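Enquirer: Going down the list, the sequences are from chains A, B, C and D. With my numbering applied, the first sequence covers 1 to 261. With my numbering applied, the second sequence covers 1 to 236. With my numbering applied, the third sequence covers 1 to 284. With my numbering applied, the fourth sequence covers 1 to 222.
Please note: incorrect hints may appear among the correct ones.
Cut-off 27 Å, straight-line C-alpha distance, at most; resulting in silico cross-link-like pairs (DSSO-like, lysine-lysine) [unchecked claim]:
| hint | chain 1 | residue 1 | chain 2 | residue 2 |
| --- | --- | --- | --- | --- |
| 1 | B | LYS87 | D | LYS77 |
| 2 | B | LYS25 | D | LYS213 |
| 3 | C | LYS6 | B | LYS25 |
| 4 | D | LYS42 | C | LYS145 |
| 5 | A | LYS125 | B | LYS84 |
| 6 | A | LYS254 | B | LYS25 |
| 7 | D | LYS213 | A | LYS31 |
| 8 | D | LYS213 | A | LYS40 |
| 9 | D | LYS73 | B | LYS84 |
| 10 | C | LYS276 | C | LYS44 |
| 11 | D | LYS73 | A | LYS125 |
| 12 | B | LYS25 | C | LYS9 |
| 13 | D | LYS77 | B | LYS55 |
| 14 | A | LYS34 | D | LYS73 |
| 15 | D | LYS213 | B | LYS84 |
| 16 | B | LYS87 | D | LYS213 |
| 17 | B | LYS88 | D | LYS213 |
| 18 | A | LYS94 | B | LYS87 |
| 19 | B | LYS171 | A | LYS40 |
| 20 | A | LYS94 | D | LYS213 |
| 21 | B | LYS84 | A | LYS94 |
| 22 | D | LYS213 | A | LYS29 |
| 23 | D | LYS77 | B | LYS25 |
| 24 | A | LYS125 | B | LYS25 |
| 25 | D | LYS73 | B | LYS63 |
| 26 | C | LYS6 | C | LYS244 |
| 27 | B | LYS88 | A | LYS125 |
Keep in mind the hints are simulated off the structure, nothing from the lab. Treat the numbers as computed from the prediction; the structure is a model and nothing was measured.
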Amino acid sequence: MDIIYSKAGVVPFALLVFLMLAGYYFMRKAKGGKPIPVRKIAAFDAIEEGVARSVEMGRPVHFTLGYGPLSTSMAPQYLAGLGVLNHVARLCGKYGANLVSTLGVPELIAAEEEVIRDAYYSAGKPELYNVTYNVRYLTDQQFAYASAVQATIQRENAGTNIMVGPFWAESLIFVEAGAASGAFQVAGTARETQIPFFVLAADYSFIGEEIFAAGAMASGDNVTLASIRGQDIGKLLSWVLIVVGLVLLPLGIKLATYLVM
Amino acid sequence: MSEVEVMGAWLAAVVVVWIYSFVYKDNVLYRFAEHLFVGTAAGYSIALSLDSLNKTAFVPLGKDIVTNWHLIIPLLLGLTFFLKYSKKYYWVARYGIGVNVAVGAALALRTAPMANIIKQINAAIVPLWTPTDLQTTFNNWLMVLITLGGLTYFIFTLFPKAEGKSTSVHKIYRAFFLIGVYGMMVGFGALFANTIMTRVGFLIGIYLQYFQPQPYAAIIAVVLAVIAIAYAMRRK
Amino acid sequence: MTAIEKIDKILSTRQLLYTLLIIAIILPLIYPVGLPIGISSRTKAVYDYIQDDSKVPPGSHVLIEIYYEVAARAELEPQVIALMKQLFEKNCKLVFLSTITYGPLAFQFLQASAPDVFEGKTYGEDYVFLGYIAGQESAVASLAKSITGTVATDNYGNPTSSLPLIVEANDASAYALVIVASSGTDTFGWYVRQWYTPYHTPLLFGALSVIAPSIEPYVNAGQAVGMLTGQRSAAEYELLVGRKGLGIASMDAQSFAHGLILVFIIVGNIVFAYTKLSKRGEKK
Amino acid sequence: MGAVVRRNIPQIIVTIIILLMVIFYFFYISSEVRTAFNTWDKALTDWVVVITAMAAIVGGVDILRYHVNQSRKKEPKQVFFSGIVMIMEVIMVAFAVIALSSGISIPTQQNFQWLYTYIYAPSDAAMYSILIFYIASASYRAFRVRNPPALLLLVVAILVMLGNTSLGELLWSGLLPIRDWIMTVPNTAAFRPITMGLGFGIIILGLRLLLGKETTWMGRRE
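Taking the hints into account, I'd like the entire structure generated from these sequences.
Expert: See below:
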């Protein structure tokens, strides 16, 4: 019987399992009703402020979560964006705002239509739901999608522009198109090369993994929210490993060699 | 150049100018170029899909149905996307989307522990004291502090509360938090500045590719664009 | 309305900013000024490496991967032309290929932009173009083992086994240097994993300046001998090899554009600081 | 029975696929299992390609539906623009089908190539390079020092910009080494926590997907 060994390293697999168990542990603890406090993420609170402001000005809310195939390693970022859309849709139902959601991910058209339909119906405003107004799929080609979204933001005169998901070069196109039409903007992505443009040009921004925290907060369910602590455990563990590695290095022990076993 | 190519080069120069005109003001010529682009891109996307369907499903099925019978399943799953228009069977599409979501999430999960976490931890462990070379010592200290600071900034649920007199733990937390913020600002500033070079390079590339060979096309397109922009501005 | 508010009102009309930018970029392209360009140590190191006969012996074989689409021509083409001029002066044998569909089109523009460099060089003996080779990283891997085994004909249909250049240098160990000119990021990783790691063939990267930071680790780890980033390195290299090309002409446009953006940033902040102070002044 | 078929089975499929793909990626169990996994993994990647392609085609149909609906609207010009989208889309697909039926690869089909080279490629390049305009307006409007960290961001950006071009050369030759130092030392360290954070986010979202707590991709909550 060939021995079982790990091709991609036992330690990475152990780290993956450990973090998932940590997240699961806190989700179980939260089930007992003790909610976990989460530090204020300014951009998340700004979403509600933006929707309310749009309604006062009688302008629609625009949302987009990006373009591209769902079956790549960007899937988690699309799902975080979808979670925030769920939150935005519910707020639009609550305040009675018109929502225009553009996207370039063909697999998520149905999901977006249903999420928005659910939000308006459960808020008792079915008249605001019109599928060709609310959800606009604009091809999965990057810059055709970008040319249509920048036009939609300005032609619909969006009062608030919310963008959460994986973005590539088109991030600055949307933020500047929104700024040109005076929209209040909340933007976030975990793709490192595009974060500076959102931090600089949007009113509020989620940086990197904050979009995952936003996705969990958007669910409004304590158990889901508690899973974020699993991410914090990862950070504390990294803290410890780095410090230990730094201490051991002068003693001639390279922690790095053990971590990749 | 055959006249088909010349006509094409003229159309290309005109389309580029009219897309640029959007930054001045959304106008009817941009709207034309945009819809032309979106229509062509939609057709291109379907063409690519037909091509990959042909290569991945139809040819293998046609060649050897026995071993490749299973490819019929994703074809059916794909067809279920059309059911989103039906009130009763809208949920059937979830099977197809589920496969894609799962594969995407799995691809990310497989590489995240090593590439995103362990490799970065290893890169952060650098010698903090090299007597001969003070410059590297300073660099390494700075790199370690920025990395640890950034990690502290992103902590969401475990943070020392600052009730009343701030405890020493809170002071350390605040210190690393600020180092993280300032460290990231350096990264953002550097990256923003660095992209300017490439973006200017692309505009120069466009000038060489589409304007220099057809200067008259570009000039006429600009004149038309200016008229369209003026018209759009007067109307608003 | 004070002078500052007047300036702000003028400069905050976006249309003016864009018009100034177009002038700042297009004008120097038509009438180049030739602002001074410093040579950075990294570019000089690449030049010295190729100039050093022990590292790149005269008449040795060099592989050049053309992996950029038309939009990225302005940044990468001048790099390749300058490198090509230096290598041809050492009468090295150049094998061009591309694992991206745009490759043949980009190579066509390369030849059209540098007829003087190709002058006196015969196809098949001094340089060869293998055209588009599908298969991405797996194609790069099999090329390392055997070029004739991977691609049967070159871009113009001649069988690769009939080209003396290819027969002399058919696998990775026969190449003194591999130049990867790519507008992407993964291409560099392919060559590190399939050419450098197994065969230790020296690699030289030509990248966009926005991509440079993400492939910095390969150069620091010694898996590549050096890197040229964007138009700035292209302009420096053109100075080193003594051929005024697109790099130098574009550097004027780059400098004017960067200068203009710097002015926008600084004036924008002066206006912002002034309005903030005057608001605080009123509040007191 | 309704809820099981509508929500539970798709969720189970997701959980199984993630577990199998992750476990088999990390562990080599035995050669028989290895070959079985390889064929299964290849089949799954083919499935994903087929489903993605079908989704894009359904998306294309959705675009046609959207523009048919738009052209019914009162706004006169919209009929013209929506018509352009529909015509161009149908033409491109027609040439692709012609290419496929005559057995040649799509990009080499003459008319398809013309449309691609003279409409798609220039528009794509134009939209990519439109960014330089937006960088200019963002530099004036957004690059304002609202708080101390923003001041550091501004100073670093100016140093790197000066280092990047001959402007730095005119002012002081020391700017280039500063630019190189910024790009190698603080810049790499600054993005490390973000990359790590992305890794933690992926793992915890993966956990929620496994446990069925992340179901917005299913759309409606029955």
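Enquirer: Which numbered hints turn out to be false for this structure?
Expert: 1, 2, 6, 10, 13, 14, 24, 25, 26
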